[in-house]
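Novice: One letter stands for each residue in the lines below.
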Amino acid sequence: MPLTREQIAQRIAKEVQDGYTVNLGIGIPTLVANYIPATKSVMLQSENGLLGMGAFPVEGTEDADLINAGKQTVTAVKGASFFSSADSFAMIRGGHIDLTVLGAMEVDEEGSIANWMVPGKMVKGMGGAMDLVAGAKNVIVAMQHTDKEGNSKLRKKCTLPLTGVKCIKKIVSDFGVLEITKDGFVLLEYAPDMTAEQVAKATEGKVTIHPECKVMTF
Amino acid sequence: MASKVYADAKSAIAGVKDNMTLLVGGFGLCGIPENCIEALRDSGVKGLTCVSNNAGVDDFGLGLLLQTRQIKKMLSSYVGENATFEKQFMSGELELEFCPQGTLAERLRAGGAGIPGFYTPTGVGTKIAEGKEIRQFDGRDYVLEKGITGDFAFVKAWKGDKFGNLVFRKTARNFNPMVATAGKITVAEVEELVEVGELEPDQIHTPGVFVQRIFVGKNYQKRIEQRTVQKKS
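Protein chains in written order, with our numbering: chain A, 1 to 218; chain B, 1 to 233.
Note that these hints are calculated values from the structure, not bench results. Among the hints, a few may not be true.
Unchecked claim - Each computed SDA-like pair below joins lysine to any residue, with the alpha-carbon atoms no more than 25 Å apart:
1) A:K157 with B:G139
2) B:K159 with B:P201
3) B:K218 with B:W158
4) A:K124 with B:Q70
5) B:K222 with A:D87
6) B:K232 with A:G52
7) B:K17 with B:Q88
8) B:K170 with A:A80
9) A:K14 with A:M105
10) A:K124 with B:T49
11) B:K132 with A:A90
12) A:K169 with A:V207
13) B:K87 with A:V118
14) A:K40 with A:T217
15) B:K170 with A:E59
16) B:K231 with A:E6
17) B:K10 with B:W158
18) A:K124 with B:K146
19) A:K137 with B:Q136
20) B:K4 with B:Q203
21) B:K170 with A:F56
22) A:K121 with B:L94
23) A:K124 with B:E225
For reference, chain B alone in the conformation it holds in the complex (with noise of 0.2 Å):
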């Protein structure tokens, strides 16, 4: 078997092509693929279409990539926390798609596993269900969303091993486990990475199966939008 295993995320991120279609997992800034994104912007393609919950910061996570104008098109659930994001989508420059979390979540989860559609009440009678099939069960409506695959997916896990086997930590699962289902080609980048066999089968998040390419970050930032504490007592 060829190995999954990749040097850097410059060698993972091979064949991402101009107007692809990305998949991102990460909350915030919280479990992005930080590696990923930075060689994205430096292989200098664009037209992309991202799917992720956010868009990052101006100056980390995916607002890396609206700095340098290289996404076409955004399908989030938040974009609250970028400047540049705003700017870009005022002017026309930037096309969005709105998507409810949960809906996105699940259009996600859906795609990766072969599920063309599903009936969900989150959002009928909402804009968000403009132009979508409703359709009632046991008297209630619900709109018809769908699945949703992309030509690459972007993960960030805490370990992995080099079958592409993933366990996140705390919150930083987010999104990853069903991004990292969706994509024709998924790319997981690790703090750490083990041998086969040396994850506990019973704690694994994410089966190897859905794991092309596997890499060790580097760097990890790690940053933290709201720094919240309770001064020592």
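Here chain A stands alone, though its shape is the one from the complex (with noise of 0.2 Å):
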């Protein structure tokens, strides 16, 4: 079985560790917050302007100046700060973030990404992704591993108009988790009764199986 969006998020908040600053994309990495055990000292920066985001409001406290990237109502934890967007970009441009969790349409083999366009289809924009991609020290996408007509979205060479050139170390898809080397994609691990072999065989781009690839546990 594929994993849910559920086990993305679960899995990929095993690559945050204590002490690191985070950006959360909208989608599937937001749900990563949920898995963060409190055992680790995360900040988590949300890119309109707050570093220190913390869990919905309770009813009856929203507030409207208190919000996150995705326009959500949210709360600022212990230590948070607030500022503005140019100080905001100036820790994702300036390599201050840890790691930037985002999704994607595409993903090829030298670990450039497309996720902010479909030529003839409106264009929303790409808001703060692409200096994300350009600027955090490590940038994991949380991806469906094919598309619904079953082609792989882990491609040869991306279709779609990039977001950012060769900037992607690591994948964690419905169907496992691949790093981004120099020889295209490896897999390090497949989703429980899937086998490594049929993970490979549906990523189109150049893919090797890791000597020590597992399967994935919860």
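Build the complex from these two chains, which are given one at a time in their own frames, with help from the hints.
Specialist: Okay, structure coming up:
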């Protein structure tokens, strides 16, 4: 069985280390916060100007002046700070954010990512995605391995307009965990009830199975 | 010194003319100059180029100026919340230039700081960098982006004093401080206007030199786009 959205988030949470500053994108990446254990001290950054994002507010205490980049009402944790968008992207572009997690339509074997535009369709905009992939120390992509027709989204070369070039180091898809190296995709873990070979077959780009490749556990 | 304090939004936006470039603070509907936007709508000024991270929603924020077709061009990083926008853009009525969010923030900061251009790694190798100068520093490619200034800038602050010093609240700060620096005339609307000396100098986010006009806004709606809460336990 491919992983659920929650399981993808749960697996990505394991990559978050104590002391990290992390920016989580919209969608599956947002769910990652739910799986970071309280034993780890992690500051979540929201690019609209908040370092130290907390849980959703208790009903009745929501504040229109306190939102995240997805325009959701949130809270601020102890030690949080507010700042301008210029300062926020100084953190992001300046390499002060340890990890960014975001979604993608396509990632290719060189680590380039496409996630903001489909030609012929209305384009909503890239928001902060281009800055995040260009600036974070580490970028992990949460995505579906294949489209509805079963075509691989882990491509030899992205076909959609790019968000960033050669910037993705790791993917957690519903099929497995893959690293991106100079030799293309390297499969590290595969979803329960799948085989490494099945995941490799569902990957269009160059892929090798790591000698210690194993099944994912939860 | 002539007073910077204006009675209302209508008098504070005086001088905005057709085809001007306006810089507008806010992120989504958070920290937007609600009163100025309504006054701009009521003024009927048109052919505007608006620089703002977002374009509001159909019936609020800059969406109000889209409904009335007063905007000719938008420069934004994300416009996904607005169906009017989509319709006008698809029919060719509205021009749109996308700019990555961090690049937009920095272009405004640079414009206000007298920096005509800067190199950034953001967007290198993408459509955004097409036709722009690429330069290598220490083995990495960077794209040249230009500073932005506007004929008018509109910001929303929590508190301000009569000299124009501004204090923002929480994430309603967002683009407002950079926008404030980059307007030939910067208009600030505030929830509370106090006497000079009442704000703690150490706590001021935007020094008053950047602000030419200030007024107390009325009837703030402060709409929430995504109300996400947890139940009381």
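Novice: Work down the list of hints and note, for each, if the structure agrees.
Specialist: Do the hints match the structure? See the list:
1. A:K157 with B:G139: Answer holds: A:K157 to B:G139 is near 23 Å, not above 25 Å.
2. B:K159 with B:P201: 13 Å, holds
3. B:K218 with B:W158: Holds: B:K218 and B:W158 sit about 12 Å apart, inside 25 Å.
4. A:K124 with B:Q70: 21 Å, holds
5. B:K222 with A:D87: 24 Å, holds
6. B:K232 with A:G52: 22 Å, holds
7. B:K17 with B:Q88: 22 Å, holds
8. B:K170 with A:A80: Holds: B:K170 and A:A80 sit about 10 Å apart, inside 25 Å.
9. A:K14 with A:M105: Satisfied, since the Cα-Cα distance of roughly 23 Å is no more than 25 Å.
10. A:K124 with B:T49: Roughly 18 Å between the alpha carbons, so the hint for A:K124 and B:T49 holds.
11. B:K132 with A:A90: 22 Å, holds
12. A:K169 with A:V207: This hinted pair holds, its Cα atoms lying about 14 Å apart.
13. B:K87 with A:V118: With a Cα-Cα distance of about 17 Å, the restraint between B:K87 and A:V118 holds, given a limit of 25 Å.
14. A:K40 with A:T217: Satisfied, since the Cα-Cα distance of roughly 20 Å is no more than 25 Å.
15. B:K170 with A:E59: Roughly 19 Å between the alpha carbons, so the hint for B:K170 and A:E59 holds.
16. B:K231 with A:E6: 21 Å, holds
17. B:K10 with B:W158: 20 Å, holds
18. A:K124 with B:K146: With Cα atoms ~23 Å apart, A:K124 and B:K146 stay inside 25 Å; holds.
19. A:K137 with B:Q136: Holds, because 20 Å separates the two Cα atoms, which is no more than 25 Å.
20. B:K4 with B:Q203: 21 Å, holds
21. B:K170 with A:F56: 15 Å, holds
22. A:K121 with B:L94: 16 Å, holds
23. A:K124 with B:E225: 16 Å, holds
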